[in-house]
Amino acid sequence: MKHISSLASGVALGSAGVVMMSILSGCEAQQQEQQQQNRFLVIEQQANGKYIVAEEMPTDGPNRAIIREKDANGETVERFMSEEEMKALAEQEYKKVQDGSSETLKSGDSSAGMGLAGTILAVAAGSLLGNMIGNALMNNKNFAKNSASTNKSAYSRSTSPSASKSSSSKKSFFGGTNSKSSTQGSRSYGG
Amino acid sequence: MISLKKIDSLSDATLEELGFTWHTDSDATKYINNELVVITQAEAEAFYEAGNEIYEMFVAAAEHVIENNLFFELGIPFNLVEMIKKSWESDVHWHIYGRFDLAGGLDGKPIKLIEFNADTPTSLFETALLQWALLKENSMNEDSQFNNVYDAIKENFKRLITLNDDTELFDERYDGWKILFSSVEGNDEEEATTRLLQQMATDAGFNTGFEYLHNVRFDEEGIFDGDENQYEYWFKLYPWEDIGSGEPELATTLNSIMQNQQAIILNPAYTLLFQSKGIMKIMYDLFADSPYLLQTSFEPLDAIKQVEKTVFGREGANTKIIDASGKTLEQTDGEYGNYKKIYQEYVEFNADKDGAKYQAGLFFAYESCGLSFRKGSEIMDNMSKFVGHVIA
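Here the protein sequences come in this chain order: A and B.
Numbering follows the working numbering, in which position 102 of the first sequence is assigned residue number 171; successive positions increment by one, without gaps.
Numbering follows the working numbering, in which position 277 of the second sequence is assigned residue number 279; successive positions increment by one, without gaps.
Just so you know, these hints were derived from the structure itself, not from any lab.
Just so you know, not all the hints are guaranteed correct.
DSSO-like, lysine-lysine: derived pairs with alpha carbons at most 30 Å apart [stated by the list, open to error]: (1) A:LYS175 <-> A:LYS240; (2) B:LYS138 <-> B:LYS387; (3) B:LYS7 <-> B:LYS387; (4) A:LYS175 <-> B:LYS180; (5) A:LYS119 <-> B:LYS329; (6) B:LYS7 <-> B:LYS111; (7) B:LYS88 <-> A:LYS240; (8) A:LYS156 <-> A:LYS175; (9) A:LYS240 <-> B:LYS87; (10) B:LYS88 <-> A:LYS239; (11) A:LYS214 <-> B:LYS329; (12) B:LYS180 <-> A:LYS156; (13) B:LYS180 <-> A:LYS240; (14) B:LYS329 <-> B:LYS355; (15) A:LYS210 <-> A:LYS164; (16) A:LYS239 <-> B:LYS359; (17) A:LYS210 <-> B:LYS180; (18) A:LYS165 <-> A:LYS175; (19) B:LYS342 <-> B:LYS307; (20) B:LYS307 <-> B:LYS359; (21) B:LYS387 <-> B:LYS355; (22) B:LYS8 <-> B:LYS387; (23) B:LYS180 <-> A:LYS239; (24) B:LYS180 <-> B:LYS87; (25) B:LYS111 <-> B:LYS32; (26) A:LYS175 <-> A:LYS139.
Please construct the entire structure, taking both the sequences and the accompanying hints into account.
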């Protein structure tokens, strides 16, 4: 009975189950040390010379990347980058992180992309330099934000560039639904 | 008489650690019952079959509503009709999950559809996680529960990408698209429900984010969190009909977003057709012979005991039980009184030895995937209690 056979263990509950099991058994919820997945990246140079990640696929093999750039004639050329080369660039950028000069730590709009080394560090720090460094970097708010916005793969192709759009045109709604600021706080929206 | 099994309850402290803070109702009674409903394997399978068949009937009835332009009859706000049609046309608007409320199913009583919470169902945390934790806490066999809810919804998130193909293809086809999850700030139950769904989607392999509803930003180009990150999917634990009537400007913007294919909104707009209790009248017209359907009409039924409900209305509000002579036996107030009414043949819920009533909640995510119960009186309201189950 596939459908009714339910759960053999908390593992079937995914990450929620792991946390629940540990609480029910009275153990502290252990921070799961997650092995960073290696990736195959396609990194594209933009018209402004900066880079963004156009595609990203998990891979069982080593980290590697295709770098798509414009040559002197404006033609698109692709070159392959091995894990060693990526690692060297990431290490070089990580040194800048340590002395505070890395663009991956800058706040502000990073949607235009970053330099190649910064881009690689932003998206693959954990798998190239190890989890400890990756996690430490992700704890930096600016780095985390840059990491998220450098990787625009999915929607830079599917939407018109939103960076050029002034954010003032965006609107928020539900002004009356925040129960902290509303008189209808007891209202429930689920059912 | 239904069969119950007494169990040790989880302490409030443990429940809170699990993220379940709404364990005590506003009248200071415990929301989680310290008993489990004991059901048989055959009863569990009958619930499973019923959910699948009932969903098929909802789909057929929704098709009928769209083809015959019956939106007004169902009380659908006019400014949502276009989105409903659009979402119906393309499978990318995938229905993630819903919950059928059912009477019967135990003690030889036939299963009868009460209504379908297709848009913003709660009781998810309790059903998927808590009733499993109750088995665990009481050292009972974890296999003896009809509860595949977590895994089924996780798989169904993958179908946003794979559609009707094998969900194994998700990793191959997924291209980084992100889902933003939103609920009202200040309601623990709804936020925990929403964050649980986010966790399921993350486990499925999606990039996800969470933002309270009032911080989400919209324009015709798409949907953004407070940090201006754009999302390809937006899950809102907020009723479509309230967007239509309470946030008409947002409804217009969402329509453009959908038109421009900038984002997909979950649960899809067409789930409002399932959510409207008016559709049960259409279903009864189309499938009067179905053993699962109660006679339902837009007009009071002749000379039978019946229940008057509004087409939209949650937690048992604005409900009236009327006897065969037309006399009101019981009624609840609420804020949904302005909606259209339907009249549904009355059916007895299963009851325990003290006369308490039990309504089954059957979760559906691509197929029936899990069961739990609510215990209350004739009209299940937000003071009714959650009761887990065990298969004997």
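Do the hints match the structure? See the list:
1. A:LYS175 <-> A:LYS240: Given that 30 Å is the threshold and the Cα spacing comes to 27 Å, the pair holds.
2. B:LYS138 <-> B:LYS387: Status holds; Cα separation ~20 Å.
3. B:LYS7 <-> B:LYS387: 16 Å, holds
4. A:LYS175 <-> B:LYS180: 24 Å, holds
5. A:LYS119 <-> B:LYS329: Given that 30 Å is the threshold and the Cα spacing comes to 75 Å, the pair is violated.
6. B:LYS7 <-> B:LYS111: 20 Å, holds
7. B:LYS88 <-> A:LYS240: Given pair LYS88 of chain B, LYS240 of chain A holds - Cα atoms ~23 Å apart, limit 30 Å.
8. A:LYS156 <-> A:LYS175: This hinted pair holds, its Cα atoms lying about 21 Å apart.
9. A:LYS240 <-> B:LYS87: Given pair LYS240 of chain A, LYS87 of chain B holds - Cα atoms ~25 Å apart, limit 30 Å.
10. B:LYS88 <-> A:LYS239: 23 Å, holds
11. A:LYS214 <-> B:LYS329: Measuring from Cα to Cα gives roughly 63 Å; hence the hint is violated.
12. B:LYS180 <-> A:LYS156: 28 Å, holds
13. B:LYS180 <-> A:LYS240: 20 Å, holds
14. B:LYS329 <-> B:LYS355: 27 Å, holds
15. A:LYS210 <-> A:LYS164: OK: LYS210 of chain A and LYS164 of chain A at ~18 Å, within 30 Å.
16. A:LYS239 <-> B:LYS359: Outside the cut-off at roughly 48 Å; violated.
17. A:LYS210 <-> B:LYS180: At roughly 19 Å apart (the allowed maximum being 30 Å), LYS180 of chain B and LYS210 of chain A satisfy the hint.
18. A:LYS165 <-> A:LYS175: Holds - the C-alpha atoms of LYS175 of chain A and LYS165 of chain A are around 12 Å apart, at most 30 Å.
19. B:LYS342 <-> B:LYS307: 20 Å, holds
20. B:LYS307 <-> B:LYS359: Answer holds: LYS307 of chain B to LYS359 of chain B is near 17 Å, not above 30 Å.
21. B:LYS387 <-> B:LYS355: 16 Å, holds
22. B:LYS8 <-> B:LYS387: 15 Å, holds
23. B:LYS180 <-> A:LYS239: 19 Å, holds
24. B:LYS180 <-> B:LYS87: 24 Å, holds
25. B:LYS111 <-> B:LYS32: Given that 30 Å is the threshold and the Cα spacing comes to 28 Å, the pair holds.
26. A:LYS175 <-> A:LYS139: 26 Å, holds
Checked against the numbered hints given earlier, the structure breaks hints 5, 11, 16 and satisfies all the rest.
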